[in-house]
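J.: Listed here are the chains, written in short residue letters.
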Amino acid sequence: MLRRLRKYGGGARGVVTLMSSSAPVVIVGGLLYAGLFVKAEAVVQKVEPPPIERRDTFYAVAAPDSRVVWAAGTGGKIVRSEDAGQSWVRQASNTEANLQGIAAWDSDNAMAVGNDGVVIVTADAGHSWTRAEIPPSTNPNKLFRVRIAGEAAWAVGEFGAVLRSTDRGANWSRVLPEEDRAWNDITFVGDAGWLVGEFGALMRTADGGATWESVATPNEVSLMSVAFRDAEHGVAVGLAGTLLVTEDGGASWQQVPAFTREHLYAVMWDEDHWLAVGDKGEMATAQADAQQWQLGRVAEGDVSWRTGVARAGTRYFLAGSNLAVLDNGTLSVAGHKRM
Amino acid sequence: MKNTTFGKVDQAFAFLIRFRALVVAAVALVTLAMGYQASQIEVKTIFSDLLPRDHPYVAVNQRFKQTFGGSNMVSIMIEARDGDIFNPAVLGKVQKLTVDLQQVEGVDTYQIISLASKKIKEVRASTEGVESRPLMWPELPRSAAEFAALKASVLNNPLVYGPYVSADLKATLVTVDFNDGNMDYTRAFNELMALVEEASGDGVEVRIVGEPVLYGWVNHYLHETLMIFFAAVAALVVLLCLITRTWHGTILPLLAGMVSAIWALGAARLMGFHLDPLVVVVAFLITAQAISNSVQLIARFDDEIGHGIASAAAAARASARNLFKPSMLAIVADAGCVLVVALTPIPLLQKISFIGTVWVLTILVSALILTPVMLSWFGARQRFIHPIDINPVLMRILGLCSAIVTTRWRYAVLGAAGVAFVVSGLYAFNLKVGDANPGSPILWPDSRYNRDAAEINRQFQGSDRMFVVVAGNQPGALREPEVLSSMTRFQKYMEAQPEVGGSISLADILPQVKRVLREGNPMYQELGQTSDENGELMYMFVSGSDPGDMDRYADADAKNGAVTLFFRDHQGETIRTAIARVRDYVEQHPIKDAQYLLAGGLVGVLAAVNEVILAGQIEAIALALLVLVVCCTVTYRSTVAGVFFMIPVLLSNTITFSYMAWAGIGMNINTLPVVALGIGLGVDYTFYIVDGIRENLHRSRNVEHAIVNALMGPGKGVLITAMTLITSVVLWHFSSLRLQADMGVLIALWLFISAFSALFIMPAMVYVFRPEFIVGSKRRPIVQADLTMAG
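One line per chain: the protein sequences are A and B, in this order.
If you're matching positions, the first sequence starts at 1 in UniProt numbering and goes up one per residue.
If you're matching positions, the second sequence starts at 1 in UniProt numbering and goes up one per residue.
Misleading hints may appear alongside valid ones.
[Said to hold, decoys possible] List of simulated lysine to any residue pairs, SDA-like, C-alpha gap at most 20 Å:
{"no.": "1", "chain 1": "A", "residue 1": "Lys-280", "chain 2": "B", "residue 2": "Leu-159"}
{"no.": "2", "chain 1": "A", "residue 1": "Lys-280", "chain 2": "B", "residue 2": "Lys-170"}
{"no.": "3", "chain 1": "A", "residue 1": "Lys-280", "chain 2": "B", "residue 2": "Pro-158"}
{"no.": "4", "chain 1": "A", "residue 1": "Lys-46", "chain 2": "B", "residue 2": "Ala-496"}
{"no.": "5", "chain 1": "B", "residue 1": "Lys-432", "chain 2": "B", "residue 2": "Pro-158"}
{"no.": "6", "chain 1": "A", "residue 1": "Lys-46", "chain 2": "B", "residue 2": "Ala-436"}
{"no.": "7", "chain 1": "A", "residue 1": "Lys-280", "chain 2": "B", "residue 2": "Val-160"}
{"no.": "8", "chain 1": "A", "residue 1": "Lys-46", "chain 2": "B", "residue 2": "Arg-489"}
{"no.": "9", "chain 1": "A", "residue 1": "Lys-46", "chain 2": "B", "residue 2": "Pro-498"}
{"no.": "10", "chain 1": "B", "residue 1": "Lys-492", "chain 2": "B", "residue 2": "Gln-588"}
[Claimed, not checked] Under 10 Å between C-beta atoms, here's a sample of chain B residues computed to sit facing chain A:
{"no.": "11", "residue": "Leu-155"}
{"no.": "12", "residue": "Asp-508"}
{"no.": "13", "residue": "Val-630"}
[Unchecked claim] Take a look, some chain A residues computed to stay more than 12 Å from chain B by CB distance:
{"no.": "14", "residue": "Glu-133"}
{"no.": "15", "residue": "Pro-136"}
{"no.": "16", "residue": "Leu-176"}
{"no.": "17", "residue": "Glu-178"}
{"no.": "18", "residue": "Arg-204"}
{"no.": "19", "residue": "Ser-252"}
What the hints contain is simulated information worked out from the structure, not anything from laboratory work.
Virtual Cβ for every residue (Gly too), placed ideally from N, Cα, C.
Input sequences plus hints: build the corresponding full structure.
T.: Next up, the structure:
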């Protein structure tokens, strides 16, 4: 037993002798090398930005059908939902400009406008957005809103920009001359159309936008948005709670006594009532006569500003300092898990 | 060792013992002088010591911290229990706190920011134009209407709502920065806590976090730390007394530990160093080394007496002579391993390294010389001081070791050790650099500080800050639209990381101003189109305010600005990801007029520390191992020796690292010194056993007998040291500082694995592989001892 072990020990000794000639040199060299030259590299986890980021603000929404919703906002952000606002997917807009307006014919065809005269168009549900050129100008050409009137598209903006496209947004022509006044919104009912802007400016057309005439308004507060429920009855809203009502197709406007001092940025006709949204979470509603307005909030405790509102099915989509869905009085803000 | 060297050592100790009175007097004198110095040493934390030298992030932090807020920021959260903060009771406290903070020691009075400070302001349009005015300074709102107005202003101001007022309006933040010069942190902490106490109550909860507060807590527990230290030492004494049953076995190890400590602390004071309270555990570790050396000498002394040496002096001489080589080797290797830490360019670690090296070297005197000299005074006759005898237990354990080595069980032990090495080696890769958990790893998760930190990070965007400097190429660069829009996109990019709670910069302010200028229309909430327009916007914002109020965002000539990022935690992973993302962004989006400079604030500084430690840990471990290999190779004149002694070290390292990874202890500035010391520590016991085997082989050629004898002799010393130290280290577990409890467990683990490998694994290795430097070979047989020398 002992002898066998000795023999084994002898073999082991041989191995050790072999090791002793090479291994120590290798080890010492290895340690020196590791000590002097090897620097550990940190493994860094990858961060995938969410479709809606905390910093995003949205200026406009478009809901072509009950499932599909588009929203556009700062830094060229376009997001689209195909499940009525449950989940959102970011789309590559190929622009860094703030997008102020968006409009859609259907779930495939849409266009968006924004700062620096940016107009982008898609015909494939937003998989690709392509830039459209607008008539050249030396002015900044900030475009605020884009609206659809039948087959035509209208975009309005700074320096009197009123642009029209008849080929689904590919080519644009200037309808009114440039002037130092911003147009904030435009709307059509058939061939009748209305245009609102800075300093209480208001124009109307009866021939689909070929000729426009100015209409006097009761004050000089900037008007931000206009909507009509038929060719006769319309509402325009503006800064500092300004609210104008017409019953004669926009020929004359009456001011509704201000019920809020906050700005109102958007108004829409919502099947059987009027709906306006504005600063600090305020939302106002009225019956068809637009005389008695109810002031409330989009949701209790909500203080976000809203510049755009659209409805699809039972849900309202609100663009503003965040992107929110209002479903049966319950407000859920998209993409904000905390705060 | 050759007999001639043996002889020289023997003569030297004979000389020392002959003049033992003189030797002891000299040591006592030096100890007295050093004791005076040691009593003068300051125990404190100096923040600048934590910052890596010459690191670019630290340079940026030092250059810009005055304007953009450094790493010593304290956040105080004032939270209303019911309702929101907009009532006189809560806001009154905010105002009082804001004013009182100016009186606190070390506060940078320009960096006190709260709702009630002059620096939080809003821009509003009025009939006279645009004005910028403080939100709530100098007076509180007086009526319900004014409170409502203030609330509305807060809600509309993203610079306030979010960063300084919580989303649910129930809490507000006061932030204050501290200078990191020569200030009294304990006083600052006490004054801060007094203010916090004063503000608490009446339905208001006050919570406070920040590095100065954290280290304030550490200092707060200093008394307790020292108590535990002394309790651990007392436990050591009791255990030594219990096991050795002799006065000399009890007192001399303690004496060795004390003399070493006094000399080391005195030397530290002479070198102009202070003592960081968190380093006390390291001090204990080195004290353990001193005690271990002394116990070995005493065990050998007792053995010699047991073998019938006539005089105590002769026994002491024999003990010192025979243990000289392994003791020297242990001390020099340890000192080398500790010295390697100094290569990490962080002043705190360098100081620890220098103190530690000196401390380890003092063991040469306190144990190697003093113990044998003192032993010579004790009688040769064994007198037991109490009747409890646990020697049979020790002998049974050592018998078990011998039984394993001499039977086939040794293969089982080696196999198990191999498996443990591979498994723990793989698992050890999970070890994290930086803090491994949210909150501070220095304190327990349920400590007040960590609970406060969790609450503040729940309510706000994050209490840990990092600023990235946007350095312009010429004045006015920060007015360039390209630079500002790049900053906005940068912030957006960074905020995609979930741990980044938010960010703030000049590029957030200007759109607010522009919106106000445009009648409050959010469609104009954007940066100016031209540098002139941005210049106007900046002018609007600062108009009517103090010069310097803009400093947090950009300097006066708009050349340098900062993006401040708020982090919810400062885990190593979070910081690494953030830094890598900053680099990615800067690489992919270069701008013409400015560049991004990393990085200041607490998170920026921690990033630097983590990078240095990450880069340095391989260096430190590899070079420490190299020191060990070289020491062993030289001592035994055999390259195999170097490799052989790496085995227990590698094993104890992989297992300890695995434990750290498993327990969530990160490799950071506080744990690195312990880890580096542990490398040297892992091998000491093996030196004694292997030397014992060699020594026995000088007397007889039977390897098996030599191993068994070595286990019964030096093995007993190893067992005594390990048992006493492990038991007393357990006391650290009761520390209020989690770091010390963790380090206590770590040290205990280290000692246990070292002892285990020395008693079980290494003898089996010797038996199986018979390395030439221990058992000799036909070519170089072991020199048989000269019988006169062997005594």
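J.: Decide, hint by hint, whether the structure agrees.
T.: The hints, checked one at a time:
Only pairs whose Cα atoms come within 20 Å are accepted, and Lys-280 (chain A) paired with Leu-159 (chain B) is accepted, the gap being roughly 16 Å. A hinted pair counts as satisfied when its Cα atoms are at most 20 Å apart, and Lys-280 (chain A) with Lys-170 (chain B) qualifies at roughly 19 Å. Restraint check: the Cα-Cα separation between Lys-280 (chain A) and Pro-158 (chain B) comes to about 13 Å, which is no more than 20 Å; the hinted pair holds. For the hint linking Lys-46 (chain A) to Ala-496 (chain B), the alpha-carbon distance of about 11 Å falls within 20 Å, and the restraint holds.
Between the alpha carbons of Lys-432 (chain B) and Pro-158 (chain B) the distance comes to roughly 36 Å, so the proposed pair goes past 20 Å and is violated. Between Lys-46 (chain A) and Ala-436 (chain B) the alpha-carbon distance is near 18 Å, which keeps this suggested pair within the 20 Å criterion. With a C-alpha separation of about 16 Å, the suggested pair Lys-280 (chain A) and Val-160 (chain B) falls inside the 20 Å cut-off, and the hint holds. Of the supplied pair hints, the one linking Lys-46 (chain A) and Arg-489 (chain B) holds, its CA atoms being roughly 18 Å apart against a limit of 20 Å.
A hinted pair counts as satisfied when its Cα atoms are at most 20 Å apart, and Lys-46 (chain A) with Pro-498 (chain B) qualifies at roughly 11 Å. This hinted pair checks out: Lys-492 (chain B) and Gln-588 (chain B) have alpha carbons roughly 15 Å apart, not beyond 20 Å. With 10 Å as the threshold, the beta carbon of Leu-155 (chain B) comes within range of chain A, its nearest partner Cβ sitting at about 5 Å, so the hint holds. Against a cut-off of 10 Å between C-beta atoms, the interface hint on Asp-508 (chain B) holds, since the closest Cβ of chain A lies about 9 Å away.
For Val-630 (chain B), the interface hint holds, since its Cβ comes within 10 Å of a Cβ in chain A; the closest pair sits about 8 Å apart. For Glu-133 (chain A), the requirement that its beta carbon stay farther than 12 Å from each beta carbon of chain B is met, with the minimum near 20 Å. With 12 Å as the threshold on Cβ separation, the claim that Pro-136 (chain A) sits away from chain B holds: the shortest Cβ distance comes to roughly 17 Å. Taking the minimum C-beta to C-beta distance to chain B, about 20 Å, the non-interface status of Leu-176 (chain A) holds against the 12 Å cut.
No beta-carbon of chain B is positioned within 12 Å of the beta-carbon of Glu-178 (chain A); the least distance is around 17 Å. Every C-beta of chain B lies more than 12 Å from that of Arg-204 (chain A), the closest at about 23 Å, which supports listing it as non-interface. With a cut of 12 Å on Cβ distances, Ser-252 (chain A) stays outside the contact zone with chain B, its closest approach being about 26 Å.
Consistency with the previously given hints fails for number 5 only.
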